[in-house]
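**Student:** Residue numbers (our numbering), protein chains in the order written: chain A, 1 to 609; chain B, 1 to 189.
Where hints are given, some of them may not hold.
[Said to hold, decoys possible] Derived lysine to any residue pairs resembling SDA-like cross-links, with alpha carbons at most 25 Å apart: (1) B/Lys-187 <-> A/Gly-333; (2) A/Lys-6 <-> A/Ala-101; (3) A/Lys-210 <-> A/Gly-333; (4) B/Lys-151 <-> A/Cys-513; (5) A/Lys-224 <-> A/Gln-412; (6) B/Lys-151 <-> A/Val-540; (7) B/Lys-108 <-> A/Lys-362; (8) B/Lys-56 <-> A/Arg-586; (9) B/Lys-151 <-> A/Ser-581; (10) B/Lys-187 <-> A/Cys-513; (11) A/Lys-362 <-> A/Val-514; (12) B/Lys-151 <-> B/Glu-57; (13) A/Lys-495 <-> A/Ala-101; (14) B/Lys-81 <-> A/Glu-538.
It is worth saying that the hints were derived from the structure and are not from the lab.
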Amino acid sequence: MRTGGKAAAAAARTTIRSVIARYGDDATRLMDILIDIQDALGCLSRGTVAEIAKGLGIPQVDVEQTVSFYHFFAREPRGTYAVYLNDSVVADFCGRAAVAAAFEEAAGCPFGEVSADGMVGLFHTACIGMSDQEPAALINGQVFPRLTPERARELVAGMRAGRSVEELKGTAYGDGQNAHPRVRALVCNHIRRRGPTVFADYSPGAALAKVTRMSSGEVIAAVKSASVRGRGGAGFPTGMKWEFARRAPGDIKYIFCNADEGEPGTFKDRVILTERPQMVFEGMAIAAYAVGARQGILYVRNEYRYLRDYLEHVLADLRAKGLLGEAIGGVAGFRFDISIQFGAGAYVCGEESALIESAEGKRGEPRDRPPFPVEKGYLQRPTVVNNVETLCSAVQVMLKGPEWYNRLGTEQSKGTKVLCVSGDCDRPGIYEVEWGFSVNDILAMAGADNVQAVQVGGPSGACIGPEEFGRVLAYEDLATGGSFIIVGNHRDLLKDVVLNFARFFREESCGSCVPCRALTGMAQVVLERIIAGTGTAEDVERLQSWQAIMRYNRCGLGQTALNPITSTIKHFRGLYDARLSTGDPRFVPSFDLAAAVRDYEAAAGAGKE
Amino acid sequence: MSPKSAKAKKIVATTSLAGCFGCHMSLLDIDERLFDLIELVEFHKSPIDDIKTFTKECDIGLVEGGCCNDENVHVLTEFRKHCRVLVAVGECAIMGGLPAMRNTIPLKECLDEAYLGGATVADCNPGRVIPCDPDIPKILNRVYPCHEVVKMDYFLPGCPPSADLIWDALVALVSGKELALEYRTFKFD
Chain A
1 MRTGGKAAAA
11 AARTTIRSVI
21 ARYGDDATRL
31 MDILIDIQDA
41 LGCLSRGTVA
51 EIAKGLGIPQ
61 VDVEQTVSFY
71 HFFAREPRGT
81 YAVYLNDSVV
91 ADFCGRAAVA
101 AAFEEAAGCP
111 FGEVSADGMV
121 GLFHTACIGM
131 SDQEPAALIN
141 GQVFPRLTPE
151 RARELVAGMR
161 AGRSVEELKG
171 TAYGDGQNAH
181 PRVRALVCNH
191 IRRRGPTVFA
201 DYSPGAALAK
211 VTRMSSGEVI
221 AAVKSASVRG
231 RGGAGFPTGM
241 KWEFARRAPG
251 DIKYIFCNAD
261 EGEPGTFKDR
271 VILTERPQMV
281 FEGMAIAAYA
291 VGARQGILYV
301 RNEYRYLRDY
311 LEHVLADLRA
321 KGLLGEAIGG
331 VAGFRFDISI
341 QFGAGAYVCG
351 EESALIESAE
361 GKRGEPRDRP
371 PFPVEKGYLQ
381 RPTVVNNVET
391 LCSAVQVMLK
401 GPEWYNRLGT
411 EQSKGTKVLC
421 VSGDCDRPGI
431 YEVEWGFSVN
441 DILAMAGADN
451 VQAVQVGGPS
461 GACIGPEEFG
471 RVLAYEDLAT
481 GGSFIIVGNH
491 RDLLKDVVLN
501 FARFFREESC
511 GSCVPCRALT
521 GMAQVVLERI
531 IAGTGTAEDV
541 ERLQSWQAIM
551 RYNRCGLGQT
561 ALNPITSTIK
571 HFRGLYDARL
581 STGDPRFVPS
591 FDLAAAVRDY
601 EAAAGAGKE
Chain B
1 MSPKSAKAKK
11 IVATTSLAGC
21 FGCHMSLLDI
31 DERLFDLIEL
41 VEFHKSPIDD
51 IKTFTKECDI
61 GLVEGGCCND
71 ENVHVLTEFR
81 KHCRVLVAVG
91 ECAIMGGLPA
101 MRNTIPLKEC
111 LDEAYLGGAT
121 VADCNPGRVI
131 PCDPDIPKIL
141 NRVYPCHEVV
151 KMDYFLPGCP
161 PSADLIWDAL
171 VALVSGKELA
181 LEYRTFKFD
């Protein structure tokens with residue numbers, strides 16, 4: 001036994017050393033190192049962390065803080081089969097509770113634990129980008145969408161019978177490239193509407209061929225005159241971003257593609273990376289040409305790691321075709337290549353400076369700005385971070401011209417937007433529409449009746465009611481990164497939706513700024529009180545007043561973390577008022593003396609015997 | 001002192017719940033202004049004059065300490081019923097303070113440590129009794145700051161709040177003039 005333990009420890013040490021060597025002993029590759037070691041050893045124990053620190057020659061606390069930051073890094077084994085069941089709003093709508101109960105019953109352990117035999121671990125996780133096919137779970141990194149209680153029981157039985165995850169999955173692969181031999185996912189694309197930008201016909205390399213005949217200044221001018229704006233939600237002008245990075249001093253520059261979509265209800269990057277990865281990579285190459293970068297990094301959320309082999313394959317294919325690598329398009333001196341960086345489960349890494357920190361192997365905490373990433377980004381070099389869809393737009397702009405692009409959309413919002421429609425409707429999925437469609441238009445397309453509310457732009461966006469369904473999707477009205485969650489009349493908006501979002505933000509706050517760290521927690525407590533019927537009018541005022549304090553958070557995610565609450569107070573005040581306590585306002589109605597002394601009565605009563 | 005001026009005095013009640021009386025000490029620390037104070041206000045239920053129960057309505061209630069047992073809750077509720085303005089004085093009243101350090105530990109564990117398994121218990125509790133008697137207060141599952149039990153109107157921060165802050169606040173409440181909050185009064189480091 002003792003020698004067995006020693007042999008295992010020695011084997012683990014060898015694994016750790018070889019992984020570290022694979023990444024050139026480079027501490028900035030800590031994310032990759034941790035992901036690979038966890039894959040090999042099942043978890044990142046204290047001993048493993050110490051060994052990694054030693055191998056990289058960095059303080060143990062530097063490894064520790066990165067490990068502790070990310071949701072998918074495990075300190076203890078999470079079971080031979082680690083089940084991460086999505087607990088987002090839409091998953092709840094689709095019957096997640098019954099699926100969760102079936103998993104618990106079959107596995108014989110509650111969520112947050114591993115079954116006694118060490119086989120099955122059950123964990124909650126935030127939105128995994130499958131809102132059009134919920135309830136969904138990740139099992140050892142593979143996606144199991146559209147779960148039912150029966151399927152959950154069947155899966156656990158299969159695990160106990162020792163079936164591989166591939167066997168558990170079966171072969172009912174989804175449409176399009178989901179059935180590609182390097183993907184083989186049960187995921188469906190659900191592309192309900194193809195627009196002229198991302199999902200238009202496309203052949204790789206045509207845009208790049210055009211670009212390489214232009215000067216970098218001309219490329220930036222074209223993107224500028226097309227008024228391409230960032231598609232992640234904030235809408236920063238893309239051409240301007242490229243120009244800042246081009247002008248920034250230094251000869252080493254980076255192009256990042258942000259595919260860390262973590263906003264609940266968003267899944268467009270998943271579909272784009274499945275169906276249009278070449279377009280995304282070509283967009284990165286165009287950006288590189290414009291900015292003068294030689295290295296690109298696609299930062300993808302860990303939830304989409306099932307696409308890894310496929311994306312690597314696409315990159316290899318592009319290199320073989322001369323669209324990446326040396327002398328791209330036959331232009332001497334234009335060299336650019338792309339690597340893939342996976343996250344490990346942290347919503348805040350979708351914020352560009354947090355994403356860069358994460359890619360450097362650190363906790364995903366947003367940086368203070370200035371300096372902006374275009375001046376000092378990845379490894380302190382000028383860095384462009386663009387959304388997946390933004391890069392696709394750039395490809396089409398170069399191919400079809402800024403004039404073509406300018407004809408699409410509205411006055412201030414040019415082009416198209418890929419919407420991720422989910423919730424209470426007949427046809428959830430991907431809709432690529434020109435900017436300027438109204439909420440009503442989208443509801444009609446998706447087949448949604450009896451709608452109580454629509455959450456536009458995810459929880460950090462706005463929650464609006466029917467009287468505002470005439471508003472249009474555009475930067476000048478309702479800006480959105482893509483999430484469009486439909487809430488039917490039969491839902492309890494505060495309990496089923498707002499509380500879920502409040503919990504999400506409390507969980508996902510990186511904790512760096514006090515207002516975000518403290519108020520997301522306090523807001524959840526107050527909201528729970530209101531839902532329980534013991535809230536007061538003062539509680540509602542208090543929640544509203546906190547919005548002003550949230551402005552002092554460092555990043556956009558923190559600044560908008562109370563939006564689900566403040567937006568519904570603004571648009572659905574009646575739902576709050578109807579639940580408020582009508583008791584004497586001098587006494588706090590949520591305080592329950594009988595409940596508060598129950599523990600004592602039980603303990604003291606037991607002590608008497 | 002004429003009966004008329006006595007009647008015009010504001011009536012103040014004070015109490016220390018789950019506190020250490022440090023805030024009351026700080027109140028007494030206003031030195032010679034104590035003479036001004038008794039000209040300014042009349043004390044009712046308070047450890048200062050040892051009046052135990054409310055027999056009249058008060059203008060101002062000063063509450064030190066949070067609630068760690070049901071008696072604290074009872075007293076605080078009485079204060080709320082009888083005081084027009086209720087002030088949470090000091091860290092414990094505002095946030096639970098030092099007593100709230102037990103809030104991260106289940107009550108049963110605390111009681112077991114204190115009465116059954118703790119190193120100093122040894123064999124002096126052979127009956128293994130956790131005290132439970134109608135005459136002693138019941139301990140709450142956690143320590144509650146005052147504002148989680150009743151509505152508090154004002155909060156005076158500090159551990160304890162400085163004598164000057166308490167004095168200035170009292171004068172402001174009695175005179176109805178706005179309190180000039182100087183930076184130093186809430187700068188603690």
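**Student:** Decide, hint by hint, whether the structure agrees.
**Tutor:** Cross-check of the supplied hints:
no., hint, verdict
1, B/Lys-187 <-> A/Gly-333, "violated (60 Å)"
2, A/Lys-6 <-> A/Ala-101, "violated (40 Å)"
3, A/Lys-210 <-> A/Gly-333, "holds (17 Å)"
4, B/Lys-151 <-> A/Cys-513, "violated (29 Å)"
5, A/Lys-224 <-> A/Gln-412, "holds (13 Å)"
6, B/Lys-151 <-> A/Val-540, "holds (15 Å)"
7, B/Lys-108 <-> A/Lys-362, "violated (40 Å)"
8, B/Lys-56 <-> A/Arg-586, "holds (18 Å)"
9, B/Lys-151 <-> A/Ser-581, "holds (14 Å)"
10, B/Lys-187 <-> A/Cys-513, "holds (20 Å)"
11, A/Lys-362 <-> A/Val-514, "holds (20 Å)"
12, B/Lys-151 <-> B/Glu-57, "holds (17 Å)"
13, A/Lys-495 <-> A/Ala-101, "holds (20 Å)"
14, B/Lys-81 <-> A/Glu-538, "holds (19 Å)"
In this structure, the hints that do not hold are numbers 1, 2, 4, 7, in rising order.
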